[in-house]
Amino acid sequence: MAILECKNIKKIYKTKDITTEALKGVNFSVEKGEFISIMGESGAGKTTLLNIIATLDKATSGVLSLNGKNIATLKSNEIARFRRKELGFVFQDFNLLDQFCNKDNIYLPLVLSEEKVSLMDERLDEIKDRLGIGELLDKYPYEVSGGQKQRIAIARAVITKPALLLADEPTGALDSTSSEMILNLFRQVNEHGQTVLMVTHSLRAASYAKRVLFIKDGVVFHEIYRGENESQSDFMERINQSEFMLGRGEKI
Amino acid sequence: MSFSMAKKFALQNLRANKLLEIPFVLSSGIMLILFNVMSSLVNNNYVRTRHVVLPTLIKFGIVILAIFTFIFIQYAINFWLKRRNKEFALYGILGLEKKHVGKIIGIEFFILFAIIWIMGVVGGYIFGQLCFLFLNFLMRDVSGRLMDYTFSISALINTTVLTVILYLIVIIVSGFRIYMSTPMELLQRTHKGEGEPKSRIIIMLAGFILLAVGYGIALFVGGLLSSINYFFVAVIATIFATYLLYATFTVFILKAQRNNKSFYTPKKFLSISGLLYRMKGNAISLASISILSAGVIISLSTTVAIYSNYVKLGDGIMPREYKIEAGSENISNEDMAKRLQSLVESSVPDASMIKNEYTTFYMTTAAVRMGDTIAEYQRDSKADPIFVIASDLDGYNGRTHQNIKLDDGEILLGDNKNNKIGDTLKIGDRDFKVRKIDSIFPYEYSGVEGYSIVVKDMATLDFLREALGGTDINCSVYWDVDGVDDKEYEDTLVKLKDGIKNQLTGDGRSVYDVSSRSEMIHNQYEINGGFLFLGVLIGVIFLTGTVLITYYKQISEGYEDREKYQIMKKLGLSDDLIRKTTASQIGWMFYAPLIVATIHCIVASKIIFRLLGLFGVGDVSLYVICLVSVIAIFAFIYFIIFGLTSRVYEKIVE
Numbered sequence: 001m002a003i004l005e006c007k008n009i010k011k012i013y014k015t016k017d018i019t020t021e022a023l024k025g026v027n028f029s030v031e032k033g034e035f036i037s038i039m040g041e042s043g044a045g046k047t048t049l050l051n052i053i054a055t056l057d058k059a060t061s062g063v064l065s066l067n068g069k070n071i072a073t074l075k076s077n078e079i080a081r082f083r084r085k086e087l088g089f090v091f092q093d094f095n096l097l098d099q100f101c102n103k104d105n106i107y108l109p110l111v112l113s114e115e116k117v118s119l120m121d122e123r124l125d126e127i128k129d130r131l132g133i134g135e136l137l138d139k140y141p142y143e144v145s146g147g148q149k150q151r152i153a154i155a156r157a158v159i160t161k162p163a164l165l166l167a168d169e170p171t172g173a174l175d176s177t178s179s180e181m182i183l184n185l186f187r188q189v190n191e192h193g194q195t196v197l198m199v200t201h202s203l204r205a206a207s208y209a210k211r212v213l214f215i216k217d218g219v220v221f222h223e224i225y226r227g228e229n230e231s232q233s234d235f236m237e238r239i240n241q242s243e244f245m246l247g248r249g250e251k252i
Numbered sequence: 001m002s003f004s005m006a007k008k009f010a011l012q013n014l015r016a017n018k019l020l021e022i023p024f025v026l027s028s029g030i031m032l033i034l035f036n037v038m039s040s041l042v043n044n045n046y047v048r049t050r051h052v053v054l055p056t057l058i059k060f061g062i063v064i065l066a067i068f069t070f071i072f073i074q075y076a077i078n079f080w081l082k083r084r085n086k087e088f089a090l091y092g093i094l095g096l097e098k099k100h101v102g103k104i105i106g107i108e109f110f111i112l113f114a115i116i117w118i119m120g121v122v123g124g125y126i127f128g129q130l131c132f133l134f135l136n137f138l139m140r141d142v143s144g145r146l147m148d149y150t151f152s153i154s155a156l157i158n159t160t161v162l163t164v165i166l167y168l169i170v171i172i173v174s175g176f177r178i179y180m181s182t183p184m185e186l187l188q189r190t191h192k193g194e195g196e197p198k199s200r201i202i203i204m205l206a207g208f209i210l211l212a213v214g215y216g217i218a219l220f221v222g223g224l225l226s227s228i229n230y231f232f233v234a235v236i237a238t239i240f241a242t243y244l245l246y247a248t249f250t251v252f253i254l255k256a257q258r259n260n261k262s263f264y265t266p267k268k269f270l271s272i273s274g275l276l277y278r279m280k281g282n283a284i285s286l287a288s289i290s291i292l293s294a295g296v297i298i299s300l301s302t303t304v305a306i307y308s309n310y311v312k313l314g315d316g317i318m319p320r321e322y323k324i325e326a327g328s329e330n331i332s333n334e335d336m337a338k339r340l341q342s343l344v345e346s347s348v349p350d351a352s353m354i355k356n357e358y359t360t361f362y363m364t365t366a367a368v369r370m371g372d373t374i375a376e377y378q379r380d381s382k383a384d385p386i387f388v389i390a391s392d393l394d395g396y397n398g399r400t401h402q403n404i405k406l407d408d409g410e411i412l413l414g415d416n417k418n419n420k421i422g423d424t425l426k427i428g429d430r431d432f433k434v435r436k437i438d439s440i441f442p443y444e445y446s447g448v449e450g451y452s453i454v455v456k457d458m459a460t461l462d463f464l465r466e467a468l469g470g471t472d473i474n475c476s477v478y479w480d481v482d483g484v485d486d487k488e489y490e491d492t493l494v495k496l497k498d499g500i501k502n503q504l505t506g507d508g509r510s511v512y513d514v515s516s517r518s519e520m521i522h523n524q525y526e527i528n529g530g531f532l533f534l535g536v537l538i539g540v541i542f543l544t545g546t547v548l549i550t551y552y553k554q555i556s557e558g559y560e561d562r563e564k565y566q567i568m569k570k571l572g573l574s575d576d577l578i579r580k581t582t583a584s585q586i587g588w589m590f591y592a593p594l595i596v597a598t599i600h601c602i603v604a605s606k607i608i609f610r611l612l613g614l615f616g617v618g619d620v621s622l623y624v625i626c627l628v629s630v631i632a633i634f635a636f637i638y639f640i641i642f643g644l645t646s647r648v649y650e651k652i653v654e
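Residue numbers (this note's numbering), protein chains in the order written: chain A, 1 to 252; chain B, 1 to 654.
Quick caveat, the hints were computed from the structure, so don't treat them as lab data.
Everything numeric in this text was worked out from a predicted model, so none of it was measured.
A virtual CB, placed ideally from N, CA and C, is assigned to each residue, including glycine.
Heads up, a few of these hints could be off.
Just the calculated beta-carbon pair ranges, DEER-fashion [unchecked claim]: (1) B/Lys99 x A/Lys75: 41 to 49 Å; (2) A/Lys32 x B/Lys267: 29 to 37 Å; (3) B/Lys651 x A/Met245: 49 to 57 Å; (4) B/Ala206 x A/Arg187: 50 to 58 Å; (5) A/Ser145 x B/Ile209: 38 to 46 Å; (6) B/Phe70 x A/Gly43: 47 to 55 Å; (7) A/Gly33 x B/Asp575: 32 to 40 Å; (8) B/Thr182 x A/Asp129: 34 to 42 Å; (9) B/Lys651 x A/Ala173: 28 to 36 Å; (10) A/Glu78 x B/Ile118: 37 to 45 Å.
In isolation and in its complexed conformation, chain B is listed as follows:
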């Protein structure tokens, strides 16, 4: 058969099978679009520069999405091929050689995949643009701009490679099928059901082992820096476990239910056998929905947590509305404090407008902790560094409006991580008696172990600085202000700041800084709002995938079930019962992925919380609130999607 002849056949077929192809092309194309957008995020400036682990996380997302696209397209193609077996059989009967049929299919799929590829590339670009425009607009006040969406060559390459691989696999699989079977076998296959799945104990065990590995890593592996790699392993193991267990464990449960006496009541009888019968196909779609749902929940809850943590941070980082700060100069600490205080006073017409003012001296340093000892951090030290901020008691009292007194050799200690130091702390050759206080450690450092130490006097502060090799002692003054216009006052402060700079150009070394809480919060929004953006974007990608699979599943199964219900109607099945059965079957399909996704997320929450530490989130309750509310919102959205798609299913069946 010549190529042009085969092409004619192929085009003819494409036209004839429009109804089957449109949903296939659309849904596969959308999957590819999502993959493309995700791929292109790696090259996004924000992702590249904002945080070291972001590109890795995104790459990881790409791998997961590639797996899904692959599984989904295989699933869709299987359905499609099954429907066309009859046609292939007819070709054989009419005298076409198998290789001719293979050629025709090759051309058909080539055209289909070309369309899908173009959709993925062009659609991906448009969809990405729109997403960015829309999200930038939506979050113009709360989020930093995630740069613009640019055309990404690597995304193009990724998408193309994925399409080519998919194409080759489809050709090989369908070709193999046609070569291996006679026309009659093909004919029968159109109507043949999948048959009852066997109980595959070994695969089920493998599933459980993988799940144990995934969950085990998520729950028991410690260490912050190694978390990311372990996290990947855990996720991959859990994904495969989910697929395997859906394919086997559900069969196990359903069969157990079938052996139950109550199986012989109409609703259970129809729905359990219906579920069992198609568990192979169901397993794939249910597992995909579960994992995609977990993806939506995790990406949204983490980014929301990161984001709201930074918003909260505004308070933590700045105990007062304004701050002026200076590094050491060749003047005494007292003089420095006086100089700063007078600068603050000069900013307002009347000194009484300054409220809650306090002055504090502090030094910061990296150190190492061994038990109850903190020592200087050496470059070749093997232990992870910890972070120490030491400040004076007067400043602490001023900050917290208290009047704490310390004896010699007594310190106040606050830490940002679960109390690892006991009643005494050894620094250098001195043992300090420890009084615990709530952490005043800045949130932004909550990724590392950090201690805030408050010492009795400047001499002790100096001692700590010597012993730990800390920075010079800095001085800062914090204050609130009353009775001035915020805008005007900020202008005044800017002038003040510029004034100091001009005044002190000669001294070189010194660092002055004036900052305000609102400015700080604004900066945090600018820098970290991108996380929210990213989370919402990835959430949208996963959610679209979920919708797509749910929809495809309902449609394709609706057509298969129609015949079945027609037969049962003849045997006296009432419409009412059909509705009840489909409702319970659909209920299973609804709750199973939601429950599995929730369990996954809960188990993963520990390791994810640790990962969040890398982004400065240290507050468990914050994360729990984010997680719970995201799950609730997601369940609601999913419920709506499911309601809509199952209505489509019911329409087809009836």
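One chain only, chain A, in its complex shape:
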């Protein structure tokens, strides 16, 4: 069953004189348990697409259904709830709140959903060792490194057991060692059944996914799957080639 389905999504920005078509009709779907990367250069429409999927922005036209529900039919007051229940977010700049300790940052979405404290503790126990954050819980975001922050952010995103985990350049602000660790975490989370959709322009990051979509000029230009026995470096090489071709504007 498709967790996410995008049908002919268009997004048009209008200012007084200029009309910009950021998305010209995006079509794709995400099955449960998939790990998908969306690649594309700056200005290709990646972030616009992600914002629309994240219900932070509205498409000008097209149908977006998440977990079988058409987003457009949600009332504005339901959107916040929907976002909390069905979506998890990991941002490039972490977006942790300094006013909370790391543990409370992780609990934030559950608190907003008015869950019981016992449930929060339970959920945290399930994931804290896998994410390696046991030591960090009592510290504050401004007391830990970037990689550690991102781990906290991932914990915050998965603790609600969302239908879809959205990540926007999650390694964009990290050094290579931290990036490696965070990407491995994504893979691991995915292996535990979590559906992941990641936007990136890093080859290495993309190669952790099982499928890579290429966006160019507001449409999905191309997609490739990782072969069952294909090594990560081979897959990365293929992504690289695709991107190169894409850059030259050739149809592959």
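Using the hints provided, position chain B relative to the given structure of chain A.
Using the frame of chain A, we list chain B on its own:
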């Protein structure tokens, strides 16, 4: 870098940062205006001449206001500098030396502070003028004119000194910051939160000790004359205690709340952590608001009490509508009484128009009291003097429409302060049996211990006069009048008075006086209405300060919180919940200062009531009524201010 180059940079920056600077300059300027007006009150004629303690109290107000201006400007500047860290970092990255940056900032602040200074001086003068005009107009019927507002050199000097000190401190602090950090550190500081405040037990203890000192003095130190100095100490201690406790005790409470299980419900989760996170900044503004509020309440309630006390006094000082009074002459008391009575009768066409007339003889003196003994006051006496008014029984009966009889050796005794004399009173070599009566002691003397003694006959009155070294025995006749036009009658009385004067020029020593209650009340308004004026003026000054800090706080925090709420919105925080959270956070901010201010005022009320004694207020219930109604009115005004400013906050956040 040359000066002109640095100047160019500075001017460029000033233009670029307009949005940050305008509120800073405006609010600091207004603070300075308030300070200036307050400073200039010391030189006001009314303040100088009306009462000995007034200038001291005003000076004290100036010191407090200076502390506030200082704290407020520091608070505003911190906020401002934090926002500009990024810019300073960029200078470093672009290759400007630190001393160049320092030079630029020096010039920038010089220009800003020059504007603030001009605002303070010129604005202070204009604002003072307007205040005086407006208040004089508003209170034209109930208040004496507080003279005119004049340009005060000492206020100018005070304001200038304060501005210069502030400027130097700002330069040193910001310069130090820039010299001590690398560009990267500066960059990070823009976004870095204040972090969670630590629980500082020692500072909290210090706060509690200061509070205990302040409250202790207010509650337990006795003595009237020393009250003022103690009062100052108590106020200063309490002010610092308020700051320290807001910075520490609130953290303590909030942390305790956070450890509570119910912390993990949306409203508490967001508001408690939000409050805790910014407690350092919050503490300063909340403490300032609390103290300024207490200032508004105290200055208004005391002056209203003083004022209404004097209004009430009209009745107390004059038991009847009119009075004629004469000092001793070389004639017998009986003749004197007859002479006065006939004068009264001559003022009306028909004697039956005189109502409620009575004649009384009295003498007044300063004395000392030891236990149940009252003795003559000696110049070198160590005890505080008390005041004695002795009068005759016939007069008392006439005044109160009673028919009391006294035995030999029996007296009636009324006092204006808590019954310190028992069943017998020893004066000279005689022991008198005491019968208590309600005080008929004039209110205007309620600052000192006073006794009104009513004696059986003139012989006893003479005895008291000898024993206590009192004045000669005076005679006065009181009466009401019926069936005449008030205006005309007063003219008649004036003529009467002038007539006596002409008649008696030869006798020299004697003193005649005719007075009316309405004239007396009018005089009281003239003289004491200024207190009301002063109180309202100081109240306005403190209130403006309160508004300013509340507003600045909401605006500055609104911008900081905006980002935070944006993130939370992404994580699924609904607009509805944002509204609820801000409402509860704002509620805290609203009630905390109000409650603290009220507690301060209640604790202070005892010592303040004693100070009010210096101004003749001796009626506790009067003061309580004034205090309670001023608190109620203030809460209402504050509520409106808060409502308006928090709407601004919500707009920014959403």
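Right, here's what the structure says about each hint:
1. B/Lys99 x A/Lys75: 41 to 49 Å: Violated, since lysine 99 of chain B and lysine 75 of chain A (Cβ atoms, about 59 Å apart) do not stay within the stated range.
2. A/Lys32 x B/Lys267: 29 to 37 Å: At roughly 35 Å between Cβ atoms, lysine 267 of chain B and lysine 32 of chain A fall inside 29 to 37 Å, so the hint holds.
3. B/Lys651 x A/Met245: 49 to 57 Å: Cβ of lysine 651 of chain B to Cβ of methionine 245 of chain A: about 51 Å, so the range 49 to 57 Å holds.
4. B/Ala206 x A/Arg187: 50 to 58 Å: The hinted range 50 to 58 Å holds for alanine 206 of chain B and arginine 187 of chain A, with Cβ atoms some 55 Å apart.
5. A/Ser145 x B/Ile209: 38 to 46 Å: 42 Å, holds
6. B/Phe70 x A/Gly43: 47 to 55 Å: 52 Å, holds
7. A/Gly33 x B/Asp575: 32 to 40 Å: For glycine 33 of chain A and aspartate 575 of chain B the Cβ distance comes to about 34 Å; the hint holds.
8. B/Thr182 x A/Asp129: 34 to 42 Å: 38 Å, holds
9. B/Lys651 x A/Ala173: 28 to 36 Å: 32 Å, holds
10. A/Glu78 x B/Ile118: 37 to 45 Å: With a Cβ separation near 56 Å, glutamate 78 of chain A and isoleucine 118 of chain B fall outside 37 to 45 Å, so the hint is violated.
Comparing the model with each earlier hint shows violations of hints 1 and 10; every other hint is respected.
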